Amino acid sequence: MLDILVYEERQQAAGEAGPCLEYLLQHKILETLCTLGKAEYPPGMRQQVFQFFSKVLAQVQHPLLHYLNVHRPVQKLLRLGGTVPGSLTEKEEVQFTTVLCSKIQQDPALLTYILEGKKTVTRKKASREPTALPQEPASPHNRAPDRGSCGAWGLTAPLPAETEEPDGGIGESNLITSLTGLCKSKKGRVALKAQENLLLLVSVASQAAATYLVQSSPCCPVIVEHLCQLYQSMPTLLDPADVAALEGISWRLPSAPSDEASFPGKEALAAFLGWFDYCDQLIMEAHTVFADALAKAVAEKLFVEILQPQLLHVSEQSILTTTALLTALLRQLRSPALLREAVAFLLGTEQRPAVPGDSPCTLRTHLVRHCDHLSDEISIATLRLFEELLQKPHEQIIHSLILCHLEGRLYVVRGSPEPESYEDTLDLEEDPYFTDGLLNAGFQPSAKHPPAPATNSDGKTAVTEIVNSFLCLVPEEAKTSAFLEDTGYDTYVHDAYGLFQECSSRVAPWGWPLALTPLDPHEPERPFFEGHFLRMLFDRMSRILEQPYSLNLQVTSVLSRLALFPHPLIHEYLLDPYINLAPGCRSLFSVLVRVIGDLMQRIQRVPQFPGKLLLVRKQLMGQVPGEQLDHQTLLQGVVVLEEFCKELAAIAFVKFPPHGPHLCLSPPPEGHV
1 MLDILVYEER QQAAGEAGPC LEYLLQHKIL ETLCTLGKAE YPPGMRQQVF
51 QFFSKVLAQV QHPLLHYLNV HRPVQKLLRL GGTVPGSLTE KEEVQFTTVL
101 CSKIQQDPAL LTYILEGKKT VTRKKASREP TALPQEPASP HNRAPDRGSC
151 GAWGLTAPLP AETEEPDGGI GESNLITSLT GLCKSKKGRV ALKAQENLLL
201 LVSVASQAAA TYLVQSSPCC PVIVEHLCQL YQSMPTLLDP ADVAALEGIS
251 WRLPSAPSDE ASFPGKEALA AFLGWFDYCD QLIMEAHTVF ADALAKAVAE
301 KLFVEILQPQ LLHVSEQSIL TTTALLTALL RQLRSPALLR EAVAFLLGTE
351 QRPAVPGDSP CTLRTHLVRH CDHLSDEISI ATLRLFEELL QKPHEQIIHS
401 LILCHLEGRL YVVRGSPEPE SYEDTLDLEE DPYFTDGLLN AGFQPSAKHP
451 PAPATNSDGK TAVTEIVNSF LCLVPEEAKT SAFLEDTGYD TYVHDAYGLF
501 QECSSRVAPW GWPLALTPLD PHEPERPFFE GHFLRMLFDR MSRILEQPYS
551 LNLQVTSVLS RLALFPHPLI HEYLLDPYIN LAPGCRSLFS VLVRVIGDLM
601 QRIQRVPQFP GKLLLVRKQL MGQVPGEQLD HQTLLQGVVV LEEFCKELAA
651 IAFVKFPPHG PHLCLSPPPE GHV
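Per full-length UniProt numbering: the sequence shown ends with 673, consecutive numbering throughout.
These are computed hints drawn from the structure, not numbers from a lab. Hints should not be assumed to be uniformly reliable.
[To be verified] Derived DSSO-like pairs (lysine-lysine); straight-line CA-CA distance at most 27 Å:
#	residue 1	residue 2
1	K28	K103
2	K186	K55
3	K184	K28
4	K28	K91
5	K103	K187
6	K28	K38
7	K55	K266
8	K103	K184
9	K38	K266
10	K76	K186
11	K392	K479
Bear in mind that the values here come from a model prediction, so they are computed numbers and not experimental data.
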């Protein structure tokens, strides 16, 4: 039959239907075949019917889907597909939907027509409008239906009012139901092909079709329901290290890499991350109407209804696992719409600066508290979450966490003159943490005091003074990097340069200012609050000599991420040692100064401090076997402190490189700080 139809079409003029095709349509042969396929009579008939429909639609060039006696059996056949998991005809079903999707790709206006299925046929038959589905031609030589008048409904005209504003009920979207069912197939190739077909549909959808997908089809609910089911199928307890190690999961390759270590729940986790990646891909490529709806559905059903209660749970293991999973989701997330929903979920929509006594019961408040949790594991996991968040291209993240609190520069004394010398800026002698022993230990400024640090026309303190301030902050007896190779400052400069270029390109569209706003000396002073997030980081930094090594690494990693942002307020507050702080205020440099003062007092109580410190550094680098030492936490904290100061110096250097022939690095791109 197929060969006859194809041969006949070759003999006909373009656009004309031959007598065999007319016979096929008038005698409803396709409907008869569909009925036999549904009844599986004789056995195996359903598979043959799927194959025949696929070949007819693919090989016959005459537009068939516009005919009622083709459209109706196609819809019936779609209702048979994707409904039974593990069906013997899955391969044929996905092949059939692939042919339909290829036709829709050739003519995207077909999408709305195919989606509405029985609902369209019934409504149009009742309305008897000129745009109703064409009946079968009366003679063998009738031409293809004209698309402007009696062609496929909705090919060139927008959806009628009842489609653009449906009654809110979910209609029969047989193609969507079939595809979403096939997406869950256990056969990898079948599921992948179904996912590709669904992605094609949402990417070619017009606004009218996207509106129908959102308001009158089960597409979004079914996709998100499957995502939540995959989440619920995972073990309730997962090791954060296992979650972090499972990288590179894609919806095209959802299975976990075989070379990675196995752990309980690995395949379930890979399936969940793969489907989340697919949702993200759908949102990224779909029409805005559909993308926004799917992103909101993911946020509501997964983020709010499932993840939020677990983040607020009293069980530490629940908090730990959920935080690690949320970090993994953020790492995979690429679509702007879903990122917007994730940021609103994690940080809220409130933009006003916080006040010290303000403690709203929001998820953001709980997450900041988790960074200073009694459990070091929870603190590390939550700090990783924030570090991942800071790498996302969304301005509200850095604004709500940092910038909204720094605006106005309330941390600077109003009307005070510039410091006249280096030691006046640091006020070491007046700081109770700095004793005479500290000044005699080599941390005292040089005998010949340097002049006040140079300031460029744009208000930037000369980079040389800033770099030297951080490099000289740790006293010589607490430094060990000079005794080992590949631990110098140059390595940090190279790494910081790449990270700064990446950060600058990410924030370029945000139009940040290039220079600080001058202070008004007559403006009355108001109390300054750095915000809950920075306060937590500074508090953690002040305890660096008492905290575990892994926790210190994570705290300094987040702070260095913040320092990389090319905003003048961030540079001044985190990287400028010479700002004249208002009473009661602290900056990152002032916190480090007090840590050094505390360190110099502790050194006096540790016998053979230099030798033990060098041994600990070698242990951390894996050069000598690890063994437990007295004061090991303190010694590890000193190593982290030295490296962090070098890292901050490198960041300051690449953000404001001196202009000289010795500089190997190119300056930052134009338009960035």
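How the hints compare with the structure:
Proximity of K28 to K103 is assessed by CA-CA distance (about 22 Å); at most 27 Å being required, the pair is judged to hold. At most 27 Å may separate the alpha-carbon atoms for a hinted pair to count; K186 and K55 meet this at roughly 25 Å. Proximity of K184 to K28 is assessed by CA-CA distance (about 33 Å); at most 27 Å being required, the pair is judged violated. For the suggested pair K28 and K91, the alpha carbons sit about 26 Å apart, so the restraint of at most 27 Å is met.
For the hint pairing K103 with K187, the CA-to-CA distance comes to about 25 Å; that is within 27 Å, so the pair holds. Between K28 and K38 the alpha-carbon distance is near 16 Å, which keeps this suggested pair within the 27 Å criterion. With a C-alpha separation of about 40 Å, the suggested pair K55 and K266 falls outside the 27 Å cut-off, and the hint is violated. For a cut-off of 27 Å, the pair hint linking K103 to K184 stands: about 24 Å separates their Cα positions.
For the given pair, K38 sits about 39 Å from K266 by alpha-carbon distance, which is inconsistent with the 27 Å threshold. At most 27 Å may separate the alpha-carbon atoms for a hinted pair to count; K76 and K186 meet this at roughly 24 Å. Note on K392 and K479: the hinted pairing is violated, with a Cα-Cα distance of about 35 Å set against a maximum of 27 Å.
Of the hints listed earlier, those the structure fails to meet are numbers 3, 7, 9 and 11, in rising order.
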